[in-house]
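> Sequence:
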Amino acid sequence: MKIGIIGVPIDLGANRRGVDMGPSAIRYAHLVTKIEQLGLKVTDFGDINVPIIRSEIENINKSDLIPKIRDVCVSLSDKVQESIKEGFIPLVIGGDHSIAIGSFGGLVNSGKNIGLIWFDAHGDFNTLATSQTNNLHGMPLAVINGKGPDGLVSIARDSNLCEDNIVLVGIRDLDYREKERLKKTNINVYTISDIDKQGINEVMKQAIQFASCDTEGVHISFDVDVLDPLVAPGVGTAVPRGLDYREAHLALEMISEAEVLTSLELVEVNPILDERNRTAELAVELILSCLGKDIL
Numbered sequence: 000m001k002i003g004i005i006g007v008p009i010d011l012g013a014n015r016r017g018v019d020m021g022p023s024a025i026r027y028a029h030l031v032t033k034i035e036q037l038g039l040k041v042t043d044f045g046d047i048n049v050p051i052i053r054s055e056i057e058n059i060n061k062s063d064l065i066p067k068i069r070d071v072c073v074s075l076s077d078k079v080q081e082s083i084k085e086g087f088i089p090l091v092i093g094g095d096h097s098i099a100i101g102s103f104g105g106l107v108n109s110g111k112n113i114g115l116i117w118f119d120a121h122g123d124f125n126t127l128a129t130s131q132t133n134n135l136h137g138m139p140l141a142v143i144n145g146k147g148p149d150g151l152v153s154i155a156r157d158s159n160l161c162e163d164n165i166v167l168v169g170i171r172d173l174d175y176r177e178k179e180r181l182k183k184t185n186i187n188v189y190t191i192s193d194i195d196k197q198g199i200n201e202v203m204k205q206a207i208q209f210a211s212c213d214t215e216g217v218h219i220s221f222d223v224d225v226l227d228p229l230v231a232p233g234v235g236t237a238v239p240r241g242l243d244y245r246e247a248h249l250a251l252e253m254i255s256e257a258e259v260l261t262s263l264e265l266v267e268v269n270p271i272l273d274e275r276n277r278t279a280e281l282a283v284e285l286i287l288s289c290l291g292k293d294i295l
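So the sequence shown is residues 0 to 295, counted in numbering that gives the first Met the number 0.
I should point out that these hints are in silico values taken from the structure, not numbers from a laboratory. A hint or two may mislead.
27 Å max Cα-Cα, derived DSS-like pairs, lysine-lysine [said to hold, decoys possible]:
hint, residue 1, residue 2
1, Lys-146, Lys-67
2, Lys-292, Lys-84
3, Lys-183, Lys-196
4, Lys-292, Lys-40
5, Lys-196, Lys-182
Take these sequences, add in the hints, and give me the full structure.
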């Protein structure tokens, strides 16, 4: 197995600065060395070029950022396609969650028929018409599902993703209109309450079954805000009552054991809000669990 790391230092889709430093913080937590210790080959392809915006995010018209985010996501899509051609499993590290548009675009434009497991406190299923903030990191799943600005939707031009193969895990913070949109789909949603009732083991059994049914494998999109802020304080948009340490590890260990992983992205680490790089170090540990690290 060969792992190809692609960094995307972007915070243009977020509501505060800082997650653009996420890739550096994750690398600083010895990402490459620790993957190599699993016996895997690793190539770090470096970072996608991201335009520098010096203004405060809240002072910018969010619609004006769409072309810039599109350019970054197109570059990411091209890099993901290139890494797949060379036989790598793409590992994309962000950056805000808008980069999922580029990651997924690269996968489907490579001809992959995949399912999707989306770990997140939020649904990321807003559009410009439903969002309360117009932050693009709250819209990537909607874009992947074909709803959103044309310039972003067209990135995954060859997508044949079926809603039955999309699974959301850990959801606990939805806008009202976003919630209504999700209810009208066949997307499988497991809220934090579902996890409380059923346990993460049962939820992940079902999630893997749904996402992998009649597909070549599963792309994992992991927003660290799915974790409880007491476990992961350095995140872009923290929400209380999230997954604990062992729940998160077990979820990713089960993905590895099921042998369905085609690609992985991890997003929204914000070093400015972190404690001694604690969240980035946890991010590396979670990546290792997804790539096959076990106890014995």
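> Can the restraint linking Lys-196 and Lys-182 be considered satisfied, given a maximum Cα separation of 27 Å?
Between Lys-196 and Lys-182 the Cα gap is close to 20 Å, so the pair holds against 27 Å.
> Would you mind confirming whether the straight-line C-alpha gap from Lys-146 to Lys-67 stays at or under 27 Å?
holds, 19 Å
> Check whether the Cα positions of Lys-183 and Lys-196 lie no farther apart than 27 Å.
The hint holds at about 24 Å.
> Take the C-alpha atoms of Lys-292 and Lys-84, compute the straight-line distance between them, and say whether it is at most 27 Å.
Given that 27 Å is the threshold and the Cα spacing comes to 25 Å, the pair holds.
> Quick one, are Lys-292 and Lys-40 close enough, alpha carbons at most 27 Å?
Judged against 27 Å, a Cα distance of about 14 Å means the pair holds.
This entry satisfies every hint, going by the numbered hints stated previously.
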